[in-house]
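Using the sequences provided together with the hints, build the complete structure.
Take a look at the letters that make up each chain.
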Amino acid sequence: MQNRYPPPKLILKTRLNPEAKLNLNTDPAFLPTVQSFIEKTVLAFGLEAKGALALTLAGEEIFNYLCDNLNLGAEIKINCRKGSCYSAVDFILPLKNLALQAFNLTATIDVDNEESLNEMGLLIASRMVDHMQISHNENGNLQLSLRKDKEYPKITAGGHPLRTPAAAPFSIVTPDTEELKFFVTASHLYTPSAFLPHDFYYPGKIVDMVNAGELHAAIIRDAAGAIGGGIVWRWYSAKMIECCGPFILADQTAALTPEQRRTAARDLLEYCLNKIARSPAVGLISLTPGPDLPQNHFEALGTVFEYHNNAPATEIKALFRLLQEDPGTIAWAHPEIEDFLRDEYRRLTLPREIRLSDSSTGESQTDFSVLTVDTDSNQSRKKVTLQPLWAGADLEKNIADHIALFNREKIANIYCTIDLGQSWQAAFTPILHKKGFQPRLILPYGGQGDLLIFQKTAAAETGPVL
Amino acid sequence: MNPNPLPLDDLVPEYIRHFAAYIPSKPDDELKKLYGCDPLYRLNNNENPLGPPPAARAALKDFAPYKAAIYPSGDAWHLRRALAQKFDLEPDQFLVGNGANEVIAFVIKAFCQEGDNIITADKTFAVYEWIAEFSGFNARLVPLKDFSFDAQAMLEAIDERSKIIFICNPNNPTGTYWHKEQLTNFMERVNGRQIVVIDEAYCEFVEQDDFPDGMKLIRRYPNLVVFRTFSKMYALAGLRIGYLAGSMDVVDIIRRTCVVYSVNTLAQSAALKALNDDQHILRTREHVKAEKARLLPHLKSLGLEYQSGEGCFVMIKLPLSDTLAYRKLMGRGVMIRSMTGFRYPNWIRVSIGATAAMSAFAEALTELINSHKGIT
Ligand SMILES: Cc1ncc(COP(=O)(O)O)c(C=O)c1O
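From first to last, the protein sequence lines are chains A and B. Here the first sequence is numbered in the working numbering, starting from 16 and rising by one per residue. Here the second sequence is numbered in the working numbering, starting from 221 and rising by one per residue.
A portion of the hints provided could be inaccurate.
To be verified - DSBU-like, lysine-lysine: derived pairs with alpha carbons at most 30 Å apart:
{"no.": "1", "chain 1": "A", "residue 1": "K92", "chain 2": "A", "residue 2": "K196"}
{"no.": "2", "chain 1": "B", "residue 1": "K548", "chain 2": "A", "residue 2": "K332"}
{"no.": "3", "chain 1": "B", "residue 1": "K329", "chain 2": "A", "residue 2": "K290"}
{"no.": "4", "chain 1": "A", "residue 1": "K290", "chain 2": "B", "residue 2": "K365"}
{"no.": "5", "chain 1": "B", "residue 1": "K306", "chain 2": "A", "residue 2": "K290"}
{"no.": "6", "chain 1": "A", "residue 1": "K425", "chain 2": "A", "residue 2": "K397"}
{"no.": "7", "chain 1": "A", "residue 1": "K332", "chain 2": "B", "residue 2": "K537"}
{"no.": "8", "chain 1": "A", "residue 1": "K165", "chain 2": "A", "residue 2": "K450"}
{"no.": "9", "chain 1": "B", "residue 1": "K252", "chain 2": "B", "residue 2": "K548"}
{"no.": "10", "chain 1": "A", "residue 1": "K290", "chain 2": "A", "residue 2": "K425"}
{"no.": "11", "chain 1": "B", "residue 1": "K436", "chain 2": "B", "residue 2": "K365"}
{"no.": "12", "chain 1": "A", "residue 1": "K290", "chain 2": "B", "residue 2": "K537"}
{"no.": "13", "chain 1": "A", "residue 1": "K65", "chain 2": "A", "residue 2": "K92"}
{"no.": "14", "chain 1": "B", "residue 1": "K287", "chain 2": "B", "residue 2": "K306"}
{"no.": "15", "chain 1": "A", "residue 1": "K92", "chain 2": "A", "residue 2": "K165"}
{"no.": "16", "chain 1": "A", "residue 1": "K290", "chain 2": "B", "residue 2": "K548"}
{"no.": "17", "chain 1": "A", "residue 1": "K450", "chain 2": "A", "residue 2": "K412"}
{"no.": "18", "chain 1": "B", "residue 1": "K593", "chain 2": "B", "residue 2": "K512"}
{"no.": "19", "chain 1": "B", "residue 1": "K306", "chain 2": "B", "residue 2": "K365"}
{"no.": "20", "chain 1": "A", "residue 1": "K412", "chain 2": "A", "residue 2": "K449"}
{"no.": "21", "chain 1": "B", "residue 1": "K246", "chain 2": "A", "residue 2": "K290"}
{"no.": "22", "chain 1": "B", "residue 1": "K520", "chain 2": "A", "residue 2": "K332"}
{"no.": "23", "chain 1": "B", "residue 1": "K246", "chain 2": "B", "residue 2": "K548"}
What the hints contain is simulated information worked out from the structure, not anything from laboratory work. Only a predicted model underlies this, so the values are computations on that prediction, with no experimental measurement involved.
As structure tokens, then:
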């Protein structure tokens, strides 16, 4: 489970995470300053030497790249953050006078030329870390974030068999550290691994995330203290919370009747819902709905496919519920996607005013387009998500270059999300279609408006086939 | 791009940065367009379908437009005198606000400072919790027990920084209430250490003999503050007028945080006329009773669990997401309250509206439940 955005911290008040900040100019003379600032800071955060080195090297690449591509002396900020289970380095650049096109991951390289690929600072940096994100931050700056995860011992699947299965009635509590580890480990015994979050192989990581308030957990416990199951949840985006579970620790024939099992699962989910009900979140999403998830609390959004290098694609069925009454909103659509949106909005009973936006009306455009990327490479799958930052005349070439780059990097899971609340993003639709992307699902209120998630389907040149 | 972005991170307190603004529903014309429905029955705000009492209507009709140019009485002078007479208290024991919502803020501002907390229930009217949280005070939320405020657990939640305890009596949304003895026992055990607010927004709907009248307890318990509103029984929600009453000493403190001139002339004069119309109360109670008598058996026949107590609303548990049900019912022209926000996921609350609205609701709900059965 990656934290894709810094989580708002309303739900669980936590102590402030350690942070260190550096303000400086893009002058190559500062390279040693940047290097030792990042290295010393992340070592002080407790990142292992290997990880600290990788993050430092990635940071140096970025700084060099900024020196090459920004005006000499441009002011930037470097911010080192300690997260629960990771260290992160943010480069914060004022958008003023910034040649944004330099921040396309493909900028300054020729994707057909292997050598140029190796010279590309942004790309190299992304290869060295677990997660890189180029985004537009809240205060109108461009933010480039690098993140390296701490290493945790992996449990061998299986966990401890439960000597005394828990028996109803249960109470729902926030687990202590040992209970949390017990729940996470034991869940491998009773829930097929496909439904468990990848991080459940690393109980220490789960504990760190919970202690830092980045992940929240609840378990059910019987009167004798036996643990009967649990649920975890976390911020998925600025407006959305994702839950994993509930996972009940009992096999189908065990101490619980089917009714008791359903009740336990429902109580866990409702506990989670009640915790987030008055938070700023607008919705709860479940991307790995397991067998115990009470489906009558959710709506089916759609399916995306996760491609693996040496295994068949797996389906991810996104379930979702709004936490609030839907006030209705506008969805800007390119005519090519209008029918899809109308059908989906009708199926989901979402009140939307679809407004057509047509980019073929001939007005002048800026020359270049910019895409932000979010790369996630620390798990068994490699995944990248593109998002429009700027539309321009070279959009088609830009998207093609990105796809070529990801193909070379053997990234099989390529997504592009467009914000239907922002009219200018509609221009991306026909090009995405042309480049083999298919609309998969609508995430209500996932951005300024609804997010439409496209996925690159397996065209001949991308390898995996649906 | 703004060349000098505001340093909002530095300007905005942490507790505001992560607080989500409450977005009220759009106006009817917009909603009808969005959901493609007409008519639209609003059964979401516990309004009185009978409308304001006749004397209040007359006051509204007779309002001379020139008076709009003149400030209202800044402290609702005449209305406070009428309230004092009705409840046998002094005029200065009342503060009138722009809806009861405004007086909630007066009380919290008057008694809480950094580090303090308030105590209320997890599943009750949300505004006590909201105002506390966005003012930087912690709201300690005590779980309801059997749909009711749990006196023992609330007492146990008190610590040395607890300043105010909010009890909603009868509770919105569950309709449960503390009877006289429960309330006085609670007051005895609090023993004057905290301010206890009894929100009686729906008290005029209650006919039970053992229902306590907060106004009568103020003399005995100087730490008791009672909230009432003209929005519900008196059907003046659109004019925004409510009030609090308490002991002279306590009200004298709260007055310091009270926004004067926040209650408009029209609201003051309509409220003054509405106050003593007992016939209106009887007619409204009859209507609520009759509609509940029609609705509840229907819910039973649909196999739905419900919670119906005092007040002009009923909670219903659905076999599907309440926020989905909200959208589906809106498509059929009926607006209810989805209850995830009340921490009752998959429940909805329907207000008792006019007969035609209740029929439309019953029909839309039946269709919703039947079509849902077809799916699962
Ligand atoms: C319990 C309760 N208190 C107070 C209020 C606020 O009323 P007013 O309209 O006077 O602000 C309401 C309104 O819904 C309510 O339900």
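Taking the hints in turn, this is what the structure says about them:
1. A:K92 with A:K196: violated, 38 Å
2. B:K548 with A:K332: Within the cut-off at roughly 23 Å; holds.
3. B:K329 with A:K290: holds, 26 Å
4. A:K290 with B:K365: Satisfied, since the Cα-Cα distance of roughly 17 Å is no more than 30 Å.
5. B:K306 with A:K290: violated, 42 Å
6. A:K425 with A:K397: holds, 8 Å
7. A:K332 with B:K537: holds, 26 Å
8. A:K165 with A:K450: Roughly 37 Å between the alpha carbons, so the hint for K165 (chain A) and K450 (chain A) is violated.
9. B:K252 with B:K548: holds, 13 Å
10. A:K290 with A:K425: Cα-Cα ~40 Å, so violated.
11. B:K436 with B:K365: It holds: about 27 Å lies between the C-alpha atoms, which stays within 30 Å.
12. A:K290 with B:K537: holds, 19 Å
13. A:K65 with A:K92: Given that 30 Å is the threshold and the Cα spacing comes to 25 Å, the pair holds.
14. B:K287 with B:K306: Answer holds: K287 (chain B) to K306 (chain B) is near 27 Å, not above 30 Å.
15. A:K92 with A:K165: Holds, at about 24 Å.
16. A:K290 with B:K548: holds, 25 Å
17. A:K450 with A:K412: holds, 10 Å
18. B:K593 with B:K512: holds, 25 Å
19. B:K306 with B:K365: violated, 35 Å
20. A:K412 with A:K449: holds, 11 Å
21. B:K246 with A:K290: holds, 27 Å
22. B:K520 with A:K332: Since the Cα atoms of K520 (chain B) and K332 (chain A) sit roughly 35 Å apart, the hinted pair is violated (cutoff 30 Å).
23. B:K246 with B:K548: Distance of about 17 Å is within 30 Å: holds.
Checked against the numbered hints above, the structure violates hints 1, 5, 8, 10, 19 and 22; every other hint is satisfied.
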